Structure formats: C-alpha cells, structure tokens
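Colleague: Starting from the two chains in their separate frames, assemble the complex, guided by the hints.
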Amino acid sequence: MEAISQVDSQVFLWINGWIGTSATFDRVIHWVVSDYLVPVVCSLTLLGLWFAWRNGEMRERHQRGVMLAGVGVGLASAMVKASNLVFFRHRPFDSYEIEMLFYPPTDSSFPANPVAVVVAMATGVWMANRRIGAAMYAAAFVYGFSRVYAGVFYPLDVLGGALFGAAGVGLAYLLLRRIEPLPTLALRVARFLCVA
Amino acid sequence: MNLGQEYLLLVFVGCCGVLQLAAAFGGLKGMLIAGDRRFSTAVGLLLVGGALTWFFWEGGRNLPDTGGGIAGAAQFYLFMLGIFLALLFTFLFTSLTNVGRKTSVDTSDGLPALKETTYMHALTRNLSMVWKLYHRLTRKFSSG
Chain Y
7 MEAISQVDSQ
17 VFLWINGWIG
27 TSATFDRVIH
37 WVVSDYLVPV
47 VCSLTLLGLW
57 FAWRNGEMRE
67 RHQRGVMLAG
77 VGVGLASAMV
87 KASNLVFFRH
97 RPFDSYEIEM
107 LFYPPTDSSF
117 PANPVAVVVA
127 MATGVWMANR
137 RIGAAMYAAA
147 FVYGFSRVYA
157 GVFYPLDVLG
167 GALFGAAGVG
177 LAYLLLRRIE
187 PLPTLALRVA
197 RFLCVA
Chain Z
29 MNLGQEYLLL
39 VFVGCCGVLQ
49 LAAAFGGLKG
59 MLIAGDRRFS
69 TAVGLLLVGG
79 ALTWFFWEGG
89 RNLPDTGGGI
99 AGAAQFYLFM
109 LGIFLALLFT
119 FLFTSLTNVG
129 RKTSVDTSDG
139 LPALKETTYM
149 HALTRNLSMV
159 WKLYHRLTRK
169 FSSG
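Protein sequence lines, in the order shown, are assigned to chains Y and Z. Quick note, the first sequence lines up with residues 7 to 202 if you use our numbering. Quick note, the second sequence lines up with residues 29 to 172 if you use our numbering.
Only chain Z is shown next, with the shape it has when bound in the complex (with noise of 0.2 angstroms):
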C-alpha cells in the first residue's frame, strides 16, 4: 500500500469509530453495529485508535508531496472520500444488524428517527412519500 492507500485506510477506520461514539452519545440506536451503546463505545474508542496507532506507529509520515507524501487537497479529497465510505459502510452494515427495529416512526426529521429505526428504513420512507407526493400532483384527469 502507497501513503495515500494507508491514508485512505486510517480515515476510514477513524470515521467508522467516530460514527459508533457520535451514535451511542446521541442514542441513535438504529445506526449502533450493536443495540448495546456501552459495547459500541468501545468500539468506537478501539477503532479511533486503533486506525491512529497503526498510522503513525513508525512516526509522523513526514514526506514533502514531491517525494511520496499527499498534497493539501489530495488529503482533502481523500478525507471526503473516506468519510462517504464510512458513512455507507455503516449505514448499510448497521441496517443488516438493526433489521428487526421499528417500521412506524416519523422520519420526516431525519437522523433522529434512528433511535428507533435504521438508516435504510427512514431514507425509503422519505423517498417513497415523496414519490407518492410526486404520483399525486402530476396525476392526470380524465375529463370523461
């Protein structure tokens, strides 16, 4: 793996932690890789550093740009990518764990419907009112 791969990696990692910490503080049950917030704290903590240990165990990785570190906006790009990967991974890993939650809840809000449903639960919901919104206003008349 190049810098960047190893990059890549250690925010990916640090994002999937930061999301169970930010999910078991909020009580945002649907999105917890388990229903225990206690375990996945722990998770969390162990992921962040873990990803952080691993990454700089032989140093700081101080290399210019010209000789095999990441340029300022590749590392920005690389940061953005990494955390759309987090973020999917754990949406679509905590609605395979999560499946069994509450169908009937309000999801209008958006996030704070996962403390009672998954993520893929409450964006479905969202999608299909508005295309039920959208049935009904471009539904055509007959005149008979």
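Just chain Y, with the same shape it has in the complex (with noise of 0.2 angstroms):
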C-alpha cells in the first residue's frame, strides 16, 4: 500500500511539475479544471440524448441511457459521500509545496468527486450511444487529467472516482431492472406529457 501511494505522488509530482512550461495549456487547463466546464457540457449531452433521435428504437434506448446516467450520478456521488465517511485522505497541497492552477479543496482527495460524476454520465450514454459515450470519456479523462495537472487531486484519486462513476451506473442497470416496470411507466407518463 506504501509502495503504490509512492508512486502515485511521484506520478503526481512528475504531472503537476509541467506548471508554468506553457502559459497557454495552463490558461486552457485554467478552463477545463473548472468545477463547470466539463459537467455542464455534459449534461447538455444528456439533454440533447433525450430529444435527438430519428426512430423509434433510438428513442428508447437515447432516453433509457439518460435514466441509467441519472440514477448513476446520484448512486456514484451517495457511493462517494459514504466513502468519505470512513476514509480521509489529504490533498497533494496538504503533503507537497506545490504550484496550483485550482482552489484548495477540504473534503476528501479520494476519490475524486467530480470524475466520479461525469465518469457516471459517461458510461450511461456509452450503454446507450457507443460514439457519443466515448467522446463523453475522453472528456472524462481530459478533466481528470486536468485536476491532477492542476494540484487537486493524486492520479488514484481520479481512478478511484472513476471507477465510483462505473459503479455507480452499474448499480443504477441492476436497480432499475429492479424495479421494472417502474421506469417504463416513468417514461410512459414523460409520453403522455409530450416530454420523452
């Protein structure tokens, strides 16, 4: 366990030392680290899953992704809240005199909250649009790199988050299987309401 947080600071340090090389990438860094960026662009995504579709087989399976990423979300980021509850571990900037590109965060540095989230968003339209979810995980990715780049958060915390995400999703396919036929009665009253 020593060994691997060793190396993962050492990953750190390598990644967060690249600070100041490039006035551009860390002005782009500056935007994509952003607690709004990613997120909101994902979720406009997700808006635009439920209402783009050009037959009646992708509308079904646009709009039962967009459940699956919902109900994920909010299973990942519970996962998350309880994991913070029994294990704290501080942030690089606690441990290491370092250039940050980022406020300082006080909550716990694993796992790291906001890649759970959009990892989560990520893989409930991935189940849905193979194309549109890996554009969504390359996003995922790039913030996650971006946070470490940026001194919030270790490489294993943003691993960390993004298996929560994955979790989180693949719990939200086994309740939603559930407790059919609860969703397709949601959807059917989103019908009745010319919503979905």
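Simulated from the structure, these hints should not be mistaken for laboratory data. Here the structure is a predicted model, which is why all the values come from computation and not from measurement. Careful, some of the hints might be misleading.
Label-pair restraints from in silico Cβ distances [claimed, not checked]:
#1 Z:Y162 <-> Y:P110: 53 to 61 angstroms
#2 Z:T81 <-> Y:V195: 19 to 27 angstroms
#3 Z:L91 <-> Y:V195: 36 to 44 angstroms
#4 Z:G96 <-> Y:V47: 16 to 24 angstroms
#5 Z:G78 <-> Y:A9: 46 to 54 angstroms
#6 Y:F147 <-> Z:W85: 20 to 28 angstroms
#7 Y:L180 <-> Z:F169: 46 to 54 angstroms
#8 Z:A70 <-> Y:V47: 17 to 25 angstroms
#9 Z:L73 <-> Y:F147: 53 to 61 angstroms
#10 Y:I185 <-> Z:L91: 33 to 41 angstroms
#11 Z:M108 <-> Y:P111: 22 to 30 angstroms
Which residues of chain Z face chain Y? A few of them, derived with a C-beta cut under 10 angstroms, are [unchecked claim]:
#12 C43
#13 A50
#14 G55
#15 F84
#16 R89
#17 L91
#18 D93
#19 I98
#20 F104
#21 L113
#22 A114
#23 L115
#24 A150
#25 H163
The C-beta atom is built at its ideal place from N, Cα and C for all residues, glycine as well.
Modeller: In structure tokens form, the structure reads like this:
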C-alpha cells in the first residue's frame, strides 16, 4: 500500500511539475479544470440525447441511457459520500509545496467526486450510444488529468473516482431492472406529457 | 448578477440551444423556433456557443463554495431549474410560432407528434382524451 502511494505521489509530482512550462496550456487547463465547464457540457449532452433521435428504437435506447446516467450519477455521489465517512485522504497540497491552478478544496482527496459524476454520465450514455459515450469518456479523461495537473487530486484519486462512477451506473442498471416496470411507467407518463 | 444567477442563465440559454439542435436532428418541426431546420441548427449552435463563451470569457470561474462559488447540490438544483425553464420557454414559444400546424395528429406516443404539430396542441389533446375517458368511466346512470 505504501509503495502504491509513493508511486502515486511521484506520478502526481511529475505531472504537476509541468505547471508554468506553457502559459497557453495552463490557461486552457484553467478552463477545463473548472467545476462548471465539463459537467455542464456533459449534462447538455444528456439533454440533447433525450430529445435527439430519428426512430422509435433509437429514442427508447437514448432515453433509457439518459435515465441510467441520471440514476448512476446519484448512486455514484452517494457512494463517494459514504466513502468519505470512513476514509479521508489529504490533498496533495497538504503534503507538498506545489503550484496550483485551482482553489484548495477541503474534502477528501480520494475518490475524485467530480470525476465520478462525469464518468457516471459517460458510462450511462455509452450503454446507449457508443460514439457519444466514447467522446464523453475522453472529456472525463481530460477533466481528470486537468485536476491532477492543477494540483487538486492524486492520479489514484481520479482512477478511484472513475471506478466509483462506473460502479454507480452498474448499480443503477441492476436497480432499474429490479424495479421494472417503474422506469417504463415513468417513460409512459413522460410520453403522455409529450416530453419523451 | 451573482455567480448562481449567471450559472442559471448559462444553463437556460445552453438548454434552449440544445433543444433546437435536437429538434432539428430529429425532425421535430413543431419544436423549431422557425420552420427551417438549418436555421434552427444555426440558432442552436449560436446559443450553446454564445452561452459558454460568455460564461467562461474571464476564465474557469474557479471559486470555492465558501467564497462565492456554487456547491455541488446547488449546481444540480440550478441545472434542473434551467432545464425546466428552457423546456417551458421552448414549448410555449414554438407553440406560438408554429400555431398554424396540423391539428389532426396522433399524439398518444409523445414527442413524435411534434413532427407534425405543436407542443401545446399535443398536450391539450392528450389531456382532453384522459378527461373524456374519466367522464365516460364515472358517468352516473339513471335506473329510471
């Protein structure tokens, strides 16, 4: 465990050490690392998927994927909260004198909550539409990398966050299957109100 | 405007843009602000791009929630409010701009009805069907 933590710290220090090398790259990271950019773009993608389809089969698949992503985000966030109650990891800036491109958060470093949320969205979408899901995974990867680069998380925190996100969607999948026909009924009500 | 209000505006305008793009992609003509799909696609791209550019013009807005930033839960609620307002605005506005569309359309399958008619028409038709059904089922018969 100690060895893994050391490797994690070494990789973090190597990535974070690049701050200041390129002002343009730092400026780009300053945008990408934001609490708002990637989550908002991913959420808008979910909204778009709900309404964008060309036939009945595609509509059903997209809307169930969005439902899965929504429930998955909720479950992943709950799992992160539960994990924070039993395990606390200090942030990198608590242990090292580093450059930062972000404000210093006070909650546990492991697992990376924002990454869990974005990966949960990407996984839900991937179940419905591989191409858009892959694009969202790429956005989640860039988001996670930016958080390490900016000095907010260790790489293992980001990996942990991604696993929590994927696990949240896995649980959501089982839950939605278990409570069937409620999801189908919810879709029917939405169709009656002409929003699905 | 504080950051929360600016965030809500970003979400509202962004959602309006996404709804136009989605409607143009799926051919939901009753949800387009103008009958033309290409025009609505351009408007959608402009709204999404414009909202993001405006909000992030001065940087990533990286503030802690204790210092003027928006907490995760508040972000979720604001996003939901933004979606609701965008749907309300889009459905009302496009029901007015497409008021002359066909009215004899099957609306029971939800959104596909908007390929031919407007949201307000589809919704009122569905509600009136339920109302008629309710009256038929609860009608009191006289024994004479």
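Colleague: Decide, hint by hint, whether the structure agrees.
Modeller: Each hint, compared with the structure:
| no. | hint | verdict |
| --- | --- | --- |
| 1 | Z:Y162 <-> Y:P110: 53 to 61 angstroms | holds, 59 angstroms |
| 2 | Z:T81 <-> Y:V195: 19 to 27 angstroms | violated, 37 angstroms |
| 3 | Z:L91 <-> Y:V195: 36 to 44 angstroms | holds, 39 angstroms |
| 4 | Z:G96 <-> Y:V47: 16 to 24 angstroms | holds, 22 angstroms |
| 5 | Z:G78 <-> Y:A9: 46 to 54 angstroms | holds, 50 angstroms |
| 6 | Y:F147 <-> Z:W85: 20 to 28 angstroms | holds, 26 angstroms |
| 7 | Y:L180 <-> Z:F169: 46 to 54 angstroms | holds, 49 angstroms |
| 8 | Z:A70 <-> Y:V47: 17 to 25 angstroms | holds, 20 angstroms |
| 9 | Z:L73 <-> Y:F147: 53 to 61 angstroms | violated, 25 angstroms |
| 10 | Y:I185 <-> Z:L91: 33 to 41 angstroms | holds, 39 angstroms |
| 11 | Z:M108 <-> Y:P111: 22 to 30 angstroms | holds, 24 angstroms |
| 12 | C43 | holds, 6 angstroms |
| 13 | A50 | holds, 4 angstroms |
| 14 | G55 | holds, 7 angstroms |
| 15 | F84 | holds, 6 angstroms |
| 16 | R89 | holds, 6 angstroms |
| 17 | L91 | holds, 6 angstroms |
| 18 | D93 | holds, 9 angstroms |
| 19 | I98 | holds, 7 angstroms |
| 20 | F104 | holds, 9 angstroms |
| 21 | L113 | violated, 13 angstroms |
| 22 | A114 | holds, 8 angstroms |
| 23 | L115 | holds, 7 angstroms |
| 24 | A150 | holds, 5 angstroms |
| 25 | H163 | violated, 18 angstroms |
Checked against the numbered hints given earlier, this structure breaks hints 2, 9, 21, 25; the rest are met.
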